[in-house]
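Number of protein chains: 2
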Amino acid sequence: MNLSSPSLEKLIAELAKLPGIGRKSAQRLAFYLLKQPQEEVENLARALIEVKQKTRTCSVCFNLTEGDPCPICRDEQRDRQTLCVVEEAHDIFAIEKLGQYRGLYHVLGGVLSPLDGVDPEHLHIRELVERCRQNVKEVIIATSPSAEGDVTALYLAKLLRPLGVKVTRIARGIPTGSDLEYVDEMTLLRALEGRSTLE
Amino acid sequence: MNLSSPSLEKLIAELAKLPGIGRKSAQRLAFYLLKQPQEEVENLARALIEVKQKTRTCSVCFNLTEGDPCPICRDEQRDRQTLCVVEEAHDIFAIEKLGQYRGLYHVLGGVLSPLDGVDPEHLHIRELVERCRQNVKEVIIATSPSAEGDVTALYLAKLLRPLGVKVTRIARGIPTGSDLEYVDEMTLLRALEGRSTLE
Chain A
1 MNLSSPSLEK LIAELAKLPG IGRKSAQRLA FYLLKQPQEE VENLARALIE VKQKTRTCSV
61 CFNLTEGDPC PICRDEQRDR QTLCVVEEAH DIFAIEKLGQ YRGLYHVLGG VLSPLDGVDP
121 EHLHIRELVE RCRQNVKEVI IATSPSAEGD VTALYLAKLL RPLGVKVTRI ARGIPTGSDL
181 EYVDEMTLLR ALEGRSTLE
Chain B
1 MNLSSPSLEK LIAELAKLPG IGRKSAQRLA FYLLKQPQEE VENLARALIE VKQKTRTCSV
61 CFNLTEGDPC PICRDEQRDR QTLCVVEEAH DIFAIEKLGQ YRGLYHVLGG VLSPLDGVDP
121 EHLHIRELVE RCRQNVKEVI IATSPSAEGD VTALYLAKLL RPLGVKVTRI ARGIPTGSDL
181 EYVDEMTLLR ALEGRSTLE
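Sequences listed follow chains A and B, in order. Per the numbering used here, the very first residue in the first sequence carries number 1; after that it's consecutive. Per the numbering used here, the very first residue in the second sequence carries number 1; after that it's consecutive.
Hints in this document: simulated from the structure, not taken from any laboratory. For clarity, every value in this text was computed on a predicted model and none was experimentally measured. Be aware that one or more of the hints could be misleading.
[Claimed, not checked] Pairs of lysine to any residue, SDA-like flavour, derived with a Cα cap of 25 Å: (1) A:K52 with B:P19; (2) A:K52 with B:K137; (3) A:K52 with B:E88; (4) A:K137 with A:G149; (5) B:K137 with B:E181; (6) B:K17 with A:F31; (7) A:K24 with B:Q53; (8) A:K24 with B:Y101; (9) A:K17 with A:R56; (10) A:K97 with B:K137; (11) A:K97 with B:K10; (12) B:K17 with A:G20; (13) A:K52 with B:Y101.
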């Protein structure tokens, strides 16, 4: 399609590169942005540039942060004997939103997946072992409930238990609010296996 | 939620202002952008700024363009006796994509909607009348198939017919590939009313 404005065409092409945004959505966003005041659009452009300039990974837990170590690692109020292992930094935000967990985190940067060429040395596992040597009592593994997430959890458990660390895995089961009859077999199986006694 | 990076929080807030992008999608986009090379993110930021600086509306048809008049109005190959009236500039792109229409366009900038305070003087109707005084044979009204779109079409027809211009409206009916039983009543009614003879 030959748009009458190359700069508009360029913006649509750039927006369409984003995940989950197809050509149509990109077009809609571009036209919306064109209608916004100059200042609004500049705010977005500035936010894009600043996020790349300012955000780095925490040298302790590999969370995304502007200062190093990150505010969670610096927080003296938190339980330093518990680490929650997650795949990516955005998983931290999901858990922090609950406002319940008071321990620290460790971002792996992915999961073990030998078929995709992801071996232990590609993840922040060495650094996790290092942290576990320093007065860590429990490591909660919150990798995703997939085959790779499970393999990674088992691998870490084998590695960390000899250090005298308790290794736990977040529960799998029926999600709250879902209908039993629509839950897949694997989830139902895990829910049965993981049943707990009602006191 | 207290993110550990204010610049990331800012980007998420800016992205969440876009239509159809909620907080979750904004978060996903922001994390995606953080993982992209600096250059990619700068390209997007630059595209945002340039589109606002370079794109203006055509003084003839109110299409979005970088040069004035727009490439469609300047194109000597096009049929200058036919105008297609659309609500917004993005409608032009939808029609141009077909590659079938060879006339010119006229962007109204909306539809008549007295309840929302949109009266004829808020749309580019005066300019349309001006153009119709100059050797225009047919005006195809392609406003949306809504009550407001229909009212606008009727209003324009009344206004332009006295100038000796043929005023037509794009057809309404069953969309291609849809199932008759799932089509709403109004659409089906219009499809019946607009039936054509099979030769």
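Next on the checklist: Flag every earlier hint the structure violates by its number, smallest first.
Outcome noted: 2, 3, 5, 10 and 13
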